[in-house]
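Trainee: Residues per chain are reported as follows:
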Amino acid sequence: MNVLVALRLVPDVSGEIEITEDEKDIDREWLDLRLNEFDDYALEEAILLKERGDAKVTAIAIAGDGVERMLQSALARGADEAVKIAWEGDAPPSSRTAARLFAAGARDLSADLVLTGVLSSEETYGQLAPFVAAALDWPCVSSVNEVRVRAGVCEVVQELSGGATATIRMATPAVAGMQTASRPVRYVSGSKLREAAGRNIPTLQLSVEAADERAERLRVSLPDSSQRANLLPSDVNAAAAALRQILTEHGLWKA
Amino acid sequence: MGNVLVFVEERDGEIAPTSREALGAARTFAAGVGCQVEAIVLRAEAAPRPIEAPGADVLLCVTHPTLANICPEAALAVVESVVRQREPAAIVFTYDAVGLDLASGLAMRADRPLLSHVIGFAVQAGQIEARSQAYGGKAIVESRAAFPVVLTLMPGAFKEAAGRAAPEIVELEPPERLDRLRTEFVAETRQDTSGFDLTVAEKVVCIGRGAADESTLALARGLAATLGAEIAGSRPIVDKGWLPKERQVGKSGRKIKPKLYLALGVSGAPEHLEGMSGAELIVAVNTDPSAPIFGVAHYGATVDLGAFAIALGAALKAGA
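Residue numbers (this note's numbering), protein chains in the order written: chain A, 1 to 255; chain B, 256 to 575.
Just chain B, with the same shape it has in the complex (with noise of 0.2 Å):
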């Protein structure tokens, strides 16, 4: 039996809190079959301190220059060498552009079983039964599957791993075809924060899919006036172009956690959830009362939701 191996995302020198719910998810997958948690830690060069990866037992570096930065072919060149050489019980990343890019690729190419979208799983006896998020969040799907398997999990499905002490550091021979990679790194933008902060807000109203027009964006600006609350978006309003990206709600957009998040139309996609789930009251108007948003906010109505901002709107001047 192998161990679990762990992809582990590094940024600014600390790795990335998806990372740690992934450790934390290898440790029940550990605990369940009696194995360790071994980490992948992409370098350029040699680093003078070991990452802190709360959770694993041994820390695999690879060092290399094209690992500097974000190169999805050369990451799954690496991966995929670690697995030959590791012959792991099974290999998880999480659900972002990379763990995409990476789980399917290693999966295919190295004809594994993979379950994607994953926030929970129990393993017994060579082989581990997943429950899976699918359509948008509106069903779960449970499957088996044989090791050696990969997974994707959810962000928030899984607590972080404790600490423990310091993991045995192992380097590892690069794979030769890091120098003849067909991709390159050209560069990275961070999202400009010098202008517009969704982040800060105390009180937002989000628009969503179920506005037909941009009448109703208009509607829900009005009452985003009356609240003063700050109005933003959720992806396929920002893909219309009704909303600048600096409002996007999501994976993708901000991350926010507002004292009060009036979500209109927004059915609460997984990836949405993971920009807002934290905010303290949440409420929801969907005309669809099996939304997945139903499932985080605080209250919700069932009711139009551009009759809902006219009749919010009016209750709240009516008794101001």
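The shape of chain A in the complex, shown without the other chains (with noise of 0.2 Å):
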């Protein structure tokens, strides 16, 4: 089965963020740019299905800064092969756009199964893995946390509120949207990385209409910070002593 691993940088907002001056966009000239927390999920349960023999992996990407060097630690991390998509843009794709490219690349590879994750933090106007099932006619489901296939049948356990399950059996060709992997991530060595770093990602040049966002973005702000916790003193057993205080006269501790 030929599974293919749609992987996005998104900026790395664990620190603080900022907003530029036209409010049109976090200011990302000072964040670094990371594979997209999901996506590193799809990753490793498409490699878990190489390694039990389901499977031929290949990572795909839309060409940008960084994107090379993330698909080497793709094949570093076990994929078979990886390919970027050409994209010569001033700015990157619609969300739209992207995903028909990469239903494109699903149709050239003759990919069996799409596996992405299934949010990145930048999805307002909407979410890869069905947009891409959508652009394809191809069967999704999203919010996976396993995948697993048996005579070319795919079956894939999605993940419900309170902590209930679904299992899906997908014909293929099909798309799923990963919401976490059924074993935790794997380490790569720096070796492993090392060797991959030199190995040629080559590109795919496909032809798609470009769609925009059907939405137009006005504004982009830091949430109300009017209404922040009360914050306990800098300094670490200041702060322990005064939450101490706190949970006694709440009942909570009893001296």
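There's no promise every hint is true.
[Said to hold, decoys possible] Here are the simulated PhoX-like pairs of lysine-lysine, each with C-alpha atoms no more than 20 Å apart in a straight line:
#	chain 1	residue 1	chain 2	residue 2
1	B	Lys514	B	Lys458
2	B	Lys458	B	Lys512
3	A	Lys254	B	Lys572
4	B	Lys514	A	Lys254
5	B	Lys458	A	Lys254
It should be emphasised that the hints constitute simulated quantities derived from the structure, not laboratory data.
Take the two lone chains and join them into the complex the hints point to.
Mentor: Have a look at this one:
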């Protein structure tokens, strides 16, 4: 089974973020790019399928800053092949154009199953997995935490609210949006990463009709800070003492 | 101008709390543009009584054996068919596993704008301006889109609708696509509640992504023991295998309302907040002062979580 894993780089917003002067975007100048966390799970699940003898894994991404290195890391993780989709635009493609590019890539590479992350932190105007599925007219299941393949039939486990799960069987070709992988993401040694760093990443030229977001972004802002927590002292021992007092007052600690 | 359509999820004969909120949001939309609220209800067989869907003027019922269980492809086929027949101005979903599939699938297939993660909106003359959470709750994106539009709403952002008179019930023909689906429901598993149950804990210490390694988890465990609290984790901690799934707090874990929730290194992504924002006293420790967890916490400290765990443990024992 040909498994295509669609990977995306996203800004690392684990620290403090700022907004650009024109208030149209977050300020990306000092933010690193990292592999979208959920795409990372998609890659892990694909490699687990490969290790069970059920898949040939191709990692695919749309060309851009840092993408070649990300795809080389995917090879170091265990992907059989990696390709980047040519993109000449000044700005990254819209979510709908990106979906069409990945869909065209899936057709071009004869994918049986497309895995990608269920979400990225930037998807205000639509999620990639169902978008790709709609562009291909393939079935899709999102919020998946496990993929199993038996005799060309794919079974996915979908996470529902409150810890319930549903097992769903999909005839391939199909798409799944991964919420997590069935095992923790593996560690890759520095030597494997260095070895993969020299690998050539071929480029796929695909022709798709561009589509805009169908919505206009008006403004980006930071959340209202007026309802923020009462801050404890910045000295760790003073903060601990203050909290002890608060817990005592709330009847949550008896001295 | 069409109506506003709400996809209603029904579980065990009751509509999901998030669907009640979606109906509340739809009422606001309907009041703004002067239209009705229609709720789509999927059924395997004709029900003995209509479900309670407060806020709905019309229940659009589609009945077919394949709709007995969760199957995104089947639900999408029904929603597409209903949208073709009713031509709504807006279609409203909630942000959950089913909503994610349906909203994006419908928006792409029907070429309609989609606004995701919506926490507020205003409607006017054929268009909507909406506020969406982005970047894990660290930023708000305001967008404008023309009708007809697809929306996914964040849980907890909208109030449930007040009760209304019995809605009109309209039975719609199931689409032919239901007879040639490529996906099939196999089984559903409910969370095992026979063992450990985090929801009954009065005090919870939750460790998050800010924990650099398992030695920090050990410090949090020590603090939990001192406090008489249960240890819990956010999604990344459970995904790493550091804690079992039954100790995960959030959308796909447990939803809890303890008397004390002490969050150590938890950033507070919307999916996490959904599981704990109802706690009576929330204390957050995170070195990032912009972490969304501080938006729901009553008290916060921007200090190293390992050092804080040691200091608080010592402070508690010193006064014991």
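Trainee: None of the hints should be skipped; say for each whether it holds.
Mentor: Hint check:
| no. | hint | result |
| --- | --- | --- |
| 1 | B:Lys514 with B:Lys458 | holds (6 Å) |
| 2 | B:Lys458 with B:Lys512 | holds (9 Å) |
| 3 | A:Lys254 with B:Lys572 | holds (11 Å) |
| 4 | B:Lys514 with A:Lys254 | holds (15 Å) |
| 5 | B:Lys458 with A:Lys254 | holds (14 Å) |
Violation of the numbered hints given earlier is absent; every hint is satisfied by the structure.
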